[in-house]
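S.K.: These are the residues of each chain, in order.
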Amino acid sequence: QKEVEQNSGPLSVPEGAIASLNCTYSDRVSQSFFWYRQYSGKSPELIMSIYSNGDKEDGRFTAQLNKASQYVSLLIRDSQPSDSATYLCAFYGGSQGNLIFGKGTKLSVKP
Amino acid sequence: GAGVSQSPSNKVTEKGKDVELRCDPISGHTALYWYRQRLGQGLEFLIYFQGNSAPDKSGLPSDRFSAERTGESVSTLTIQRTQQEDSAVYLCASSSGHLTGELFFGEGSRLTVL
Chain A
1 QKEVEQNSGP LSVPEGAIAS LNCTYSDRVS QSFFWYRQYS GKSPELIMSI
51 YSNGDKEDGR FTAQLNKASQ YVSLLIRDSQ PSDSATYLCA FYGGSQGNLI
101 FGKGTKLSVK P
Chain B
112 GAGVSQSPSN KVTEKGKDVE LRCDPISGHT ALYWYRQRLG QGLEFLIYFQ
162 GNSAPDKSGL PSDRFSAERT GESVSTLTIQ RTQQEDSAVY LCASSSGHLT
212 GELFFGEGSR LTVL
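One line per chain: the protein sequences are A and B, in this order. If you count by this note's numbering, then the first sequence holds residues 1 to 111, one letter each, in order. If you count by this note's numbering, then the second sequence holds residues 112 to 225, one letter each, in order.
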């Protein structure tokens, strides 16, 4: 069974700090990785995708992928209280080519 | 519609009753997915449709669960003889194609089985 492992948290950081969210996955073949954000009581929304080793930056968000280590991370710079949410890591690894989601890391940004 | 629409948003039912959950995807999206999220848990994949076809139904938790899609649009997830362990939020998502990675989720149907 292919899996995604994430620290469930909660991860608490002060406003303005860098939040670092990590994820490991079990499938060496997967080429596509995604970060979804889920606010409490809401549905997930895609915030980042990454397909190549290295870093990908989008505004305050940076996704990092290391395929050799089967590790993907999300850095949030200048964290804001509005970033408080659960962040789900996902990759294509299901038997039907479906997205497999981790259980998510709950991030709390304190003013 | 502008987004993925799901109904009902909340459903409370008695154990043993059947329930039907509906999903109306974004117009033109060919791929449609059903996930289940229990309280405090991650997303559990149930089934996906490419067009009106579901290539593999093995993700469905038991034979009490079934799903269909018609007109490459609306999908229904039916749970027969509901059990308390079926209580969860059922999320539907659509995308412009399978394997694009960008799933657009509806707000979910919260099912409570008493």
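It is possible that some hints are incorrect.
Simulated restraints on C-beta separations [to be verified]:
1) P172(B) - Q70(A): 42 to 52 Å
2) G151(B) - G59(A): 27 to 37 Å
3) I18(A) - G127(B): 43 to 53 Å
4) G59(A) - K126(B): 45 to 55 Å
5) G16(A) - V185(B): 24 to 34 Å
6) S198(B) - E15(A): 28 to 38 Å
7) E155(B) - Q31(A): 16 to 26 Å
8) G16(A) - S164(B): 47 to 57 Å
9) S173(B) - E57(A): 39 to 49 Å
10) S120(B) - Q31(A): 30 to 40 Å
11) S32(A) - Q194(B): 28 to 38 Å
If you are wondering where the hints come from, they were derived from the structure by calculation, not from laboratory data. Even for Gly, the Cβ is constructed at its ideal location relative to N, Cα and C.
S.K.: None of the hints should be skipped; say for each whether it holds.
M.R.: A quick look at each hint next to the structure:
{"no.": "1", "hint": "P172(B) - Q70(A): 42 to 52 Å", "verdict": "violated (28 Å)"}
{"no.": "2", "hint": "G151(B) - G59(A): 27 to 37 Å", "verdict": "holds (29 Å)"}
{"no.": "3", "hint": "I18(A) - G127(B): 43 to 53 Å", "verdict": "holds (51 Å)"}
{"no.": "4", "hint": "G59(A) - K126(B): 45 to 55 Å", "verdict": "holds (47 Å)"}
{"no.": "5", "hint": "G16(A) - V185(B): 24 to 34 Å", "verdict": "violated (46 Å)"}
{"no.": "6", "hint": "S198(B) - E15(A): 28 to 38 Å", "verdict": "holds (36 Å)"}
{"no.": "7", "hint": "E155(B) - Q31(A): 16 to 26 Å", "verdict": "holds (23 Å)"}
{"no.": "8", "hint": "G16(A) - S164(B): 47 to 57 Å", "verdict": "holds (50 Å)"}
{"no.": "9", "hint": "S173(B) - E57(A): 39 to 49 Å", "verdict": "holds (44 Å)"}
{"no.": "10", "hint": "S120(B) - Q31(A): 30 to 40 Å", "verdict": "holds (36 Å)"}
{"no.": "11", "hint": "S32(A) - Q194(B): 28 to 38 Å", "verdict": "holds (35 Å)"}
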